[in-house]
Amino acid sequence: MKHKKIHSTLLWNYSIFIFIISSILTIALGYLVYQINSSVEQGLSPIYRAKDIVSDDYENIRANAILENGGWVEILNSNHQVIHVIGVKMDSIYHYTEEQLYQFLDNTEEQLYYYSIAPFTTKSNKKYICLVKIPRDSINIDIQYFKNFDHTVSQVSKIILKSCLLLFVPIIIIIFLYSRWTARKISVPLHTITIAIKKMIDGDYQARIHLKAESEFGKIRDAFNFLADKLEATRAEKEKLEESKQRMLMDISHDLKTPITSIQGYASALQDDMVVDEEKKRRYLQLIYNKSQSVNALINSLFDFLTLDDGQYPLSIRTYDLCEFIREITVDFLDDMEEKQFKLHIQVPECEILYDFDYRHMSRVISNLISNAIKYNPIGTNVRIAVQEQSDSIIIEIADNGTGIPAHVQRHIFDPFVRGDHSRQTDGGTGLGLSIAHKIVKLHGGLLELDENPLEKTVFRITLIKQKRSPE
Numbered sequence: 052m053k054h055k056k057i058h059s060t061l062l063w064n065y066s067i068f069i070f071i072i073s074s075i076l077t078i079a080l081g082y083l084v085y086q087i088n089s090s091v092e093q094g095l096s097p098i099y100r101a102k103d104i105v106s107d108d109y110e111n112i113r114a115n116a117i118l119e120n121g122g123w124v125e126i127l128n129s130n131h132q133v134i135h136v137i138g139v140k141m142d143s144i145y146h147y148t149e150e151q152l153y154q155f156l157d158n159t160e161e162q163l164y165y166y167s168i169a170p171f172t173t174k175s176n177k178k179y180i181c182l183v184k185i186p187r188d189s190i191n192i193d194i195q196y197f198k199n200f201d202h203t204v205s206q207v208s209k210i211i212l213k214s215c216l217l218l219f220v221p222i223i224i225i226i227f228l229y230s231r232w233t234a235r236k237i238s239v240p241l242h243t244i245t246i247a248i249k250k251m252i253d254g255d256y257q258a259r260i261h262l263k264a265e266s267e268f269g270k271i272r273d274a275f276n277f278l279a280d281k282l283e284a285t286r287a288e289k290e291k292l293e294e295s296k297q298r299m300l301m302d303i304s305h306d307l308k309t310p311i312t313s314i315q316g317y318a319s320a321l322q323d324d325m326v327v328d329e330e331k332k333r334r335y336l337q338l339i340y341n342k343s344q345s346v347n348a349l350i351n352s353l354f355d356f357l358t359l360d361d362g363q364y365p366l367s368i369r370t371y372d373l374c375e376f377i378r379e380i381t382v383d384f385l386d387d388m389e390e391k392q393f394k395l396h397i398q399v400p401e402c403e404i405l406y407d408f409d410y411r412h413m414s415r416v417i418s419n420l421i422s423n424a425i426k427y428n429p430i431g432t433n434v435r436i437a438v439q440e441q442s443d444s445i446i447i448e449i450a451d452n453g454t455g456i457p458a459h460v461q462r463h464i465f466d467p468f469v470r471g472d473h474s475r476q477t478d479g480g481t482g483l484g485l486s487i488a489h490k491i492v493k494l495h496g497g498l499l500e501l502d503e504n505p506l507e508k509t510v511f512r513i514t515l516i517k518q519k520r521s522p523e
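Counting in the numbering used here, the sequence shown runs from 52 upward without gaps.
Source of the hints: derived by calculation from the structure; they are not laboratory data.
Hints may be right or wrong, so weigh each one.
[As the list claims (entries may be wrong)] In the SDA-like style, the derived pairs of lysine to any residue whose C-alpha atoms are separated by at most 20 Å in a straight line are:
no. : residue 1 : residue 2
1   : K296      : T285
2   : K102      : I78
3   : K102      : I112
4   : K102      : I75
5   : K102      : I168
6   : K270      : R286
7   : K178      : S143
8   : K331      : N347
Here the structure is a predicted model, which is why all the values come from computation and not from measurement.
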């Protein structure tokens, strides 16, 4: 749903506000004019009004005041014909139409006479109309012609007061409501945004802005929530890295402590001449050498891991045939597979698949994956090594149907110091092999992931994005 802008909303509401005010003003003024006209007419002396002088004996109507002002009284029958005149008739109209009678009711300034009309019925049930005509220039609206002038003034004053109340009270109420509504439209979103910002400042990265508002506030809301998501994700990543760092330090300490403790024990025994047998001495020295090699391998792996963590790590990129590359590495492990009676299935195309990569580092990746398959699986395991070329990528898979990797280990398999057999034995490797392999593949723009299928419990899949090559 597209939200309105604040400008559009305020303009629309202001237009409604003006319309309501104008309507109230029109109604109030109309009421004022109507009431004043009615009051003035009622305040005029009854001696000039037809309804106040008419009687059943229309021939003897008292119309002295009318006659004194040059006026006269006409009695019309049901056909609107003049049948009787009281006073001196100053015009020659003896028959009227309905339209003429209705026009007399207007009593506008343009008319020559002041008219007053009153229909009446006699006792004999005959219908007549009493029509009073007074020359307009003969009427002087003066105090002497108002019997209740003070009362009329009082009535007009009351009418004006009522009109003012009718006009100003609703206007004041509407202005108050409009100002409150407008203020809430702006202050409520600002208050909500301010609270969320304060929470964020206090370290609550789960703070979010939830409000329905105009476009401008909606953009602020979306930008804030996007920033909050980023900050929360960054904090979570930082905590994860810190946790990983602490775990890595503990693992390093553990992996260094075990061989160093053994070295110290054997060296101390030799130094104190506790070992007399020469064969045993040679065995102790060999163990010291082997343990020192393990420590050296761990330190080298740790150095490689930290070095590869730098995105600027230089790679020696050359063009090689991936198929031949996989075959060469596989040959190096044939003796180990034969020793454990592994069944090897190679699915590598005979044709060339050229790819640009660092031979030494990618050799380390493939060797690590094959070595793990041999090391952590029982005798007679089936191992599959495959290369598949797709339209936009090259897939390398090293899979086996061996013991598999526990689900809780799979989630962290590429973290440092995680081993597939989840053991902490010294013959389990450095625990950095898969982490280093993952980083090397990533440096090549690819992806190393762990999968499984109904026939194979462990499938390590390398996906390399196919490179564009110019035709030779």
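Hey, K178 versus S143, does the alpha-carbon distance stay inside 20 Å?
This hinted pair is violated, its Cα atoms lying about 23 Å apart.
Measure nothing beyond the straight line between the CA atoms of K102 and I112; if it is 20 Å or shorter, mark the hint as holding.
Distance of about 11 Å is within 20 Å: holds.
Regarding the pair K296 and T285, is the alpha-carbon distance no greater than 20 Å?
Given pair K296, T285 holds - Cα atoms ~16 Å apart, limit 20 Å.
Restraint status (C-alpha distance of K102 to I168 at most 20 Å)
7 Å, holds
Does the alpha-carbon distance linking K102 and I78 stay inside the 20 Å limit?
Given pair K102, I78 is violated - Cα atoms ~30 Å apart, limit 20 Å.
Is K270 close enough to R286, meaning Cα to Cα at most 20 Å?
Judged against 20 Å, a Cα distance of about 24 Å means the pair is violated.
What's the verdict on K331 and N347, does the C-alpha distance respect the 20 Å limit or exceed it?
It is violated: about 24 Å lies between the C-alpha atoms, which goes past 20 Å.
Please verify whether K102 and I75 have alpha carbons no more than 20 Å apart.
Answer violated: K102 to I75 is near 35 Å, above 20 Å.
Hint compliance for this structure: hints 2, 4, 6, 7 and 8 are broken, all remaining hints hold.
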